[in-house]
Amino acid sequence: MRKRITLPILLAAAMAATAVGSVRAADSSNYQQLQKKYSTLKVQMQAMQKQMAQMQKQMKAVQQAAPSINERATRRAIKRLSRQVMKLSEKEAALEPGNIQVLIAGDVNVQFQNKVGSSSTFYADSSPMIQVRVDKKIFINTAFDFYTASGGPGGINSDIGAANINYELGDYMTVGGGLISSPIGGIVSNYNAAPWNRWLVDGSLEDNLLPPNELGIWTRGGIPAPGNLGYLTYFLFVSNGPEFVGTSGVPNQLNYDNYTATQNAKTVGGRISYLPIPNVEVGYSAEWASPTQSGALTKSDSWIQAVDFNSYYFNKKIEGFVKFRGGWTWEQVGQGGITPGNPTTPPALGNMSNGGQIDVAYQPSMCGIKYLDKTMVAFRYDRIDGPTASGSAHEQRYSVGLDYWLHSNAVLKFEYEFDNVANQRGSDAMFMQFAVGI
Amino acid sequence: MNLRNIQTVRTIVLVGLAAAGLSLMAGCSNNGTAGKPAAKKTAKPAAIWPLAVQDPAKNETGAQIWSENCLRCHQLRSPSQYTPAQWGVIVQYMRLKAGLTGEQARKVLAFLKSASAH
Chain R
1 MRKRITLPIL LAAAMAATAV GSVRAADSSN YQQLQKKYST LKVQMQAMQK
51 QMAQMQKQMK AVQQAAPSIN ERATRRAIKR LSRQVMKLSE KEAALEPGNI
101 QVLIAGDVNV QFQNKVGSSS TFYADSSPMI QVRVDKKIFI NTAFDFYTAS
151 GGPGGINSDI GAANINYELG DYMTVGGGLI SSPIGGIVSN YNAAPWNRWL
201 VDGSLEDNLL PPNELGIWTR GGIPAPGNLG YLTYFLFVSN GPEFVGTSGV
251 PNQLNYDNYT ATQNAKTVGG RISYLPIPNV EVGYSAEWAS PTQSGALTKS
301 DSWIQAVDFN SYYFNKKIEG FVKFRGGWTW EQVGQGGITP GNPTTPPALG
351 NMSNGGQIDV AYQPSMCGIK YLDKTMVAFR YDRIDGPTAS GSAHEQRYSV
401 GLDYWLHSNA VLKFEYEFDN VANQRGSDAM FMQFAVGI
Chain L
1001 MNLRNIQTVR TIVLVGLAAA GLSLMAGCSN NGTAGKPAAK KTAKPAAIWP
1051 LAVQDPAKNE TGAQIWSENC LRCHQLRSPS QYTPAQWGVI VQYMRLKAGL
1101 TGEQARKVLA FLKSASAH
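Top line first, the protein sequences correspond to chains R and L. The first sequence stops at residue 438 when you use our numbering, and every number in between is there. The second sequence stops at residue 1118 when you use our numbering, and every number in between is there.
In case anyone wonders, no lab produced these hints; they're calculated from the structure. Possibly wrong hints are sitting among the right ones.
Stated by the list, open to error - With a Cα cut of at most 30 Å, we get these calculated BS3-like pairs of lysine-lysine:
id, chain 1, residue 1, chain 2, residue 2
1, R, 299, L, 1113
2, R, 374, L, 1058
3, R, 266, R, 137
4, R, 137, L, 1097
5, R, 60, R, 79
6, R, 79, L, 1097
7, L, 1058, R, 137
8, R, 266, L, 1097
9, R, 316, L, 1097
10, L, 1113, L, 1058
11, R, 60, R, 42
12, R, 42, R, 57
13, L, 1058, R, 60
14, R, 266, L, 1113
15, L, 1113, R, 60
Please model the complete structure; the sequences and the hints are all you need to start from.
The following block contains the structure:
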């Protein structure tokens, strides 16, 4: 019985196995075909991917290369053009008639002053200036001063205000020599030099302590401050030393405007200023000298230090601008000895003087109101504490001024000065001036 | 203040001034850029100090430098008041007086010349 059953099962199993085997064989051939196709496609795809990658690389290379090629070409073109422009400008400068440029500048002023205890008087002053631009580096400045003598019978005084040659060594340094406004104190030389540019007619008491000119050699310029924090300016000089002058042979005053260095005396000094922003300047200046008086006085010491400040604020909120200036000067003169065998009275030296000023001015230049926009109001407080050894008392003044600007370089001024000497009413003064800068 | 103190202070200040002068001279001798094309100047910062410093004027226009610096000391003069040649002389003078750098002076002059010509 088991055999009967087993045989048909075996047969069926054999048939089934054959059938499955034939199916598997069919599947296998399809699979191989598919695999071939897949492999072919994969190869094709990989080839395409490679091509794409290459193309992308090429695209990137082209994209990167194109601007640099343009940039290089542009740079080369700019260089060529610059060279051509330079050559042309040199040719033009060489061919231009009047290569050396000369400018007549300066200022003229007429004023009336009435001081308590003195005669009221008119006064005139003309200061022509000849400026020569020899070339890009060499500059010559000469200034004269012609003015009516105070109290004299119709006399005319003349003086030389500047005679100097300057040579630019680079962007940050100029060297020069000759006669030039002294940088000591800053305010006088930089801002108050010309009458048309002063806010008030009368000079300040501090001016009496400051040397007006230096006759010597110098180096000066402006440089960016470290860290790009604004600018620094410098002016360093060696010049003729001051000379003692006095009445009846007694030296009691220093003459800084000295055109000859008596007994080889020289002055060494300079000014350094810092401008954190263009409209603010803070300066410090100092000079040392060993003044003497020919045949009467052995050498002494004179030592001046000064600080100065200058700024302005220009804004629509205040309808114009307000300006502030100030300065303080310390002047120390050491003891001097008398030349042996000279019967001159001992000099009143070994003392200290100091003085300073604060100036404020306001002009509503943006107010849009006729006449008012050209009017400036100025105020100054100045003082001087005279030499202690000579017994000079201190003097202080309050000055109020009204300026009307007819033009940016032509001004009509009115000033009233309240004077106080040793805490008592001094000689008040009134000034009127018409000044023009050329 | 006695004479000894004066001499001490004097020594300190003179040494300071001399040191400042020497460092400035050393810095300026390194730069020597005057007279070269402006394109070259903008390429590298000027070696004025131990740390390289760019002249802030490089980022300012001539009109800006003119208005900000000139008003500090005097009323602004109209560019049309002088010819371009006259401005050349004036700017060279004012560069000395105001302590402007070469870059500042060139920019101001370029502005004044162009404004004057119009």
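Structure-based check of each hint:
1. R:299 x L:1113: 52 Å, violated
2. R:374 x L:1058: Status violated; Cα separation ~34 Å.
3. R:266 x R:137: Roughly 28 Å separates the two Cα atoms, so the pair holds.
4. R:137 x L:1097: Holds, at about 15 Å.
5. R:60 x R:79: Measuring from Cα to Cα gives roughly 29 Å; hence the hint holds.
6. R:79 x L:1097: With Cα atoms ~35 Å apart, residue 79 of chain R and residue 1097 of chain L exceed 30 Å; violated.
7. L:1058 x R:137: Roughly 21 Å separates the two Cα atoms, so the pair holds.
8. R:266 x L:1097: 23 Å, holds
9. R:316 x L:1097: Holds: residue 316 of chain R and residue 1097 of chain L sit about 29 Å apart, inside 30 Å.
10. L:1113 x L:1058: 19 Å, holds
11. R:60 x R:42: 26 Å, holds
12. R:42 x R:57: 22 Å, holds
13. L:1058 x R:60: 36 Å, violated
14. R:266 x L:1113: 42 Å, violated
15. L:1113 x R:60: 47 Å, violated
Figure legend: structure checked against the earlier numbered hints; hints not met, in rising order: 1, 2, 6, 13, 14, 15.
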